[in-house]
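Q: Each chain, letter by letter, is given below.
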Amino acid sequence: MNPARPRVGQGAEPLVQREQPVADLLIRGAHVVDPRAGIDARHDVLVRAGMVAELGDPGSLEAPDGAEVLEGEGRHLFPGFVDPHVHLRVPGQEHKEDLDSGTRAAASGGFVAIVAMPNTDPVVDDATVLRSLREAARREARIPVGFLASITRGLAGEALTPMAELSDAGALGFTDDGRPVHRAAILRKALQYQRLCGGVLALHEEDPSLSGAGVMHEGEVSARLGLAGIPSISESTMIARDAAIAGYEGGRIHIQHLSARESVAAVAEAKARGVERSGDEREARGRISAEVSPHHLTLTHEAILRAPNAQAGEAGRGGGSGLDTRLKVNPPLRSHDDRRALLDGLRDGTIDCIATDHAPHAREEKEVPFEEAPMGTTGLETCFAAVYTELVVPGVLPLGLVVEKLSAGAALMGLTPPRIAIGRPAAMCLVDLASEWQVGEAGYESRAENCCFAGRTLRGRVLATLAAGAVVYRDRAFALAPA
Amino acid sequence: MRHLLSIEDLDRPGIERILDRAKSFTEVSEREVKKVPALRGRRVLNLFYEASTRTRSSFELAAKTLSAEVINFVSSGSSVEKGESLKDTVQTLSAYRPDLIVVRTPHVGAAELVARWSAAAVVNAGDGKHEHPTQALLDVYTLRERLGALDGLNIWIVGDVMHSRVARSNILAFTMLGARVTVCGPPTLIPRGMEALGCAIRYTLDELDEADVVYALRMQKERMTESFVPSLREYAALYQIDGRRLGARQVLMHPGPVNRGVELVAEVIDSPQAVIGQQVAAGVVVRMAVLYELLAGSSGRAGIQSRLVTA
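From first to last, the protein sequence lines stand for chains A and B. Oh and the first sequence: position 266 is 266 in this note's numbering, straight run, nothing missing. Oh and the second sequence: position 297 is 780 in this note's numbering, straight run, nothing missing.
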C-alpha cells in the first residue's frame, strides 16, 4: 500500500469541529486569488448551503432570498489557510490555550483547518486520549481541527505508540514535536509501521547533544549576550540522518519548522535523491516535505539584542528593550543568511508550506529571565499579516505564492486543500490588504499574549472566515458563543 | 543615565566622568572617619541571587561610605527558595522604597527585568554570563592609575571567555577607551561569533609578548567535567600565566578569586606586575562613583524627583 496515503477516513473523519449553520451568502466583487484554482481576478462568489455555488464577473450575481451579502469591493478573497502545526495545549495545559480560544485565534487569522500537536498532558499517545480530545473538539472547536498523535509513548523517545489504533481513532499522523526522535532505530520502526497505518511522520529536528542547554541561535548575538547557543547543525544533521532513514524505508516524512540554511540544503538534497531513485518526480518529492514559520521568515536573532542605548522600561520595537522572551522560540531565530535561504527554499519549492508553530504560554511563564522562559510564540492571529507586511509588501515574495503556501500544509497532512471552485465546501477568508493594525493593541483571541510580533504595525486584516461551509468569523466577532 | 545594566549604557565621556569621581573619592578612605554624607537618607538594596564576597561587600562599603542605608537580600533562606518569582521578589522588595537596587543573578538580562519592574535605579552586578559593568569600570580605573590612558594599549584576556561576564564587559569598556583587545583560550571556550564584540581571537599564547596587559580569567573546575577542556593540567600547560610567559613590562590582572596553580602561579600573583590587589581597592571607590552618578548625578536627581512627583 502507498505509505503516503493516510488510512484515516476509513475509521474516523480526519477533522472535527462544532456544528455550525451552513452559510448562504454572496461575496461581491472581491479580488479572488487562488493559485491552485488558477484564479487571480475580481469575481462575485456565491455560497449556497455552505458550498461554492457560482463564480461570476463582478456585479453579475444576485444574492438569493435570505442570503447575506459581504462587500468584497477593494478586498481580497483567498482559499482559507491551513496550519499543519499548532499547539492547542489541550488536554492539561488549558491555562495556556484551549480548544475554543485556539480555534478563535485561528479563525481570526483566516485559517479554515489546523492540526494540533500531541505534546499535551497527558500526551496524545493512546487512542483513549485521542478519542476524548476529538469529542471535546466536536463540542468546542470553531474550525475543523485535526490531531497528530505522538510517535513514542510519553514523548520519551523509547517505545512506539500504538500507531495503527491511533490512526483508526483519527490521528492524521505522528510527531514527537517539541523533541526529536533521538534514537534512529525508533524512527526506523515508526517508518516501518507507517506502511501499516499510513499517516505522515512530522519531525522536530534537533540533536540534543549539539543543542544542549542552548536558548538561542549560536552566533554573534549569543556570543555578545553570553547565552548558550543552538548551532544550525543541531537541526541540519538530524534532517540528513532522518532523510536517509526514510529513504531506506521508503517512508513519508515532513520536516517541521526549518530554521537554518544548512537545513534547507539538507531537504533539497533529500528531494533530489528521491527523484533520482524513483524516477517519478511528483511521487518522490512528496516523500519528504518541509514547513517554515512566519517568524523564521521575517525575524533574525538580532531582534533579541537590546536596542542600542535603550533604557529598560522604555518601549522599543515589540514593546521590550531587549531579550524579549516572546522571541525565544525553538528552533531559534537565526541569521540573515539563514532567513534568506528559507525564503529561497520557499520560492524554489524545497519548502512546501508555511506553518505557524503557534505555541501559547501563560504570561507568568514568559515573564522571567530569557534563559528560564519556555520556548514558543503564538502565530495564528498574525501569520498572514506578518508575512504580507514583511515579505509581500516589500516585494520579496509574490502574493500568490504566499497564499498557496498558507494552505499547502493540507495536502501534506493528507487533507484536501481548500479551493474556491464550484461544488467545493466554502473554506475561504476575506482580507483587507490595506488595513493596518497594531499587534496586541486590541488584545488577542488566544488565551496567550506571547506573540513575537507584539507592538508591530502590520498590514492586512482578515475580515471574515468561512470554514467547513460556515461563516465562523466576521467583523471581529464569532458566529457562536463559547460552548 | 538611569541604570547601569551594561557598559553600553555608557560612552567614553561617561566612563571618564565616573573614573574621575572615583579618584576624588580615594581621599575619603584615607580619612580617620571614612564617611561622607552624599547619599544620606537614600536606600540601597543589595539583591544577590549568587554567592559573592567581594562584589557585595564592596557595594555595601561603597554605599555606607556615602551614608546610604543598605539592605542585603540574599536568595538562600529567603522566599526565593519557596518558589517566589523574580518579578514578585522585586515588587515585594520595592515596597521598601529602595532608591537603588544592586542585583546579581545567574540569568542573562535579569538586571534589565529588575529595572523594568521597579522604580529604583538598578546596577547590574553580574547577570549570568552577560555583563558585569562595575568590574569593567574598576579594571579600567586600575589600568588608568597604573599606565595612564588606555589608548593604543594591547590587552589580552586569557582563559574561559565563553563563561565570563567579566570578559564581555571588559572587551566593551577597553575598546571604548581606545585599547585593542585580544581574547585567548581553548577553542572550546571561545564562543562562535565572539569577534563581533570587536576583539581579535588567538588560541595560543605564542604572541602574548605583544600584550601590554594580560588579563587572566578564572578557570572553573567544573568546565573539565563538561568536557570543555580535557584536563586542568593540560589547560595549565597551555594557558597558565607564569614567570616565563609574563614579561617584565606587562601588567597582570585577574578579577578574582584566583585558582592558584591553574590560571596563575604564585610567582606572578605576588610579582610587582600584578595589580590584583589594586583592582579590589578600586572596587570600592568606583562603586561609590557609580552610586553617586545614579543617585546624585544630574540625571539621577531628576529621576528621583520624577518619582516623588508620581508617587
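Calculated from the structure, these hints are not laboratory results. We treat Cβ as the ideally placed atom computed from N, Cα and C, and that holds for glycine. Watch out, some of these pointers could steer you wrong.
Examples of chain A residues toward chain B, derived with CB under 10 Å [said to hold, decoys possible]:
hint : residue
1    : Glu13
2    : Asp40
3    : Glu54
4    : Asp57
5    : Asp126
6    : Ala127
7    : Val215
8    : Gly219
9    : Arg224
10   : Pro231
11   : Leu323
12   : Val368
13   : Pro369
14   : Phe370
15   : Met375
Computed list of lysine to aspartate or glutamate pairs in EDC-like fashion (alpha-carbon distance at most 16 Å, straight line) [to be verified]:
hint : chain 1 : residue 1 : chain 2 : residue 2
16   : B       : Lys506    : B       : Glu628
17   : A       : Lys189    : A       : Glu158
18   : B       : Lys518    : B       : Glu552
19   : B       : Lys570    : A       : Glu158
20   : B       : Lys704    : B       : Glu717
21   : B       : Lys547    : B       : Glu515
22   : B       : Lys517    : B       : Asp492
23   : B       : Lys570    : A       : Glu365
24   : B       : Lys570    : A       : Glu249
25   : B       : Lys570    : A       : Glu367
26   : A       : Lys189    : A       : Asp121
27   : B       : Lys518    : B       : Glu491
Q: Does each hint hold? Answer for all of them.
A: Hint-by-hint comparison with the structure:
1. Glu13: 44 Å, violated
2. Asp40: 44 Å, violated
3. Glu54: Status violated, d = 56 Å.
4. Asp57: 57 Å, violated
5. Asp126: 32 Å, violated
6. Ala127: 37 Å, violated
7. Val215: 8 Å, holds
8. Gly219: 5 Å, holds
9. Arg224: Holds: closest Cβ of chain B sits about 6 Å from A/Arg224, inside 10 Å.
10. Pro231: Where the cut-off is 10 Å and the nearest Cβ of chain B is about 7 Å from A/Pro231, the hint holds.
11. Leu323: Because about 4 Å separates A/Leu323 from the closest Cβ in chain B, which is inside the 10 Å limit, the hint holds.
12. Val368: At about 6 Å, which falls below the 10 Å cut-off, the nearest Cβ of chain B leaves the hint on A/Val368 intact, so it holds.
13. Pro369: 3 Å, holds
14. Phe370: Since the shortest Cβ distance to chain B is 5 Å, the answer is holds.
15. Met375: 15 Å, violated
16. B/Lys506 to B/Glu628: Holds, because 9 Å separates the two Cα atoms, which is no more than 16 Å.
17. A/Lys189 to A/Glu158: 11 Å, holds
18. B/Lys518 to B/Glu552: 13 Å, holds
19. B/Lys570 to A/Glu158: Measuring from Cα to Cα gives roughly 38 Å; hence the hint is violated.
20. B/Lys704 to B/Glu717: 13 Å, holds
21. B/Lys547 to B/Glu515: Distance of about 15 Å is within 16 Å: holds.
22. B/Lys517 to B/Asp492: 30 Å, violated
23. B/Lys570 to A/Glu365: 11 Å, holds
24. B/Lys570 to A/Glu249: Judged against 16 Å, a Cα distance of about 51 Å means the pair is violated.
25. B/Lys570 to A/Glu367: 8 Å, holds
26. A/Lys189 to A/Asp121: 25 Å, violated
27. B/Lys518 to B/Glu491: 31 Å, violated
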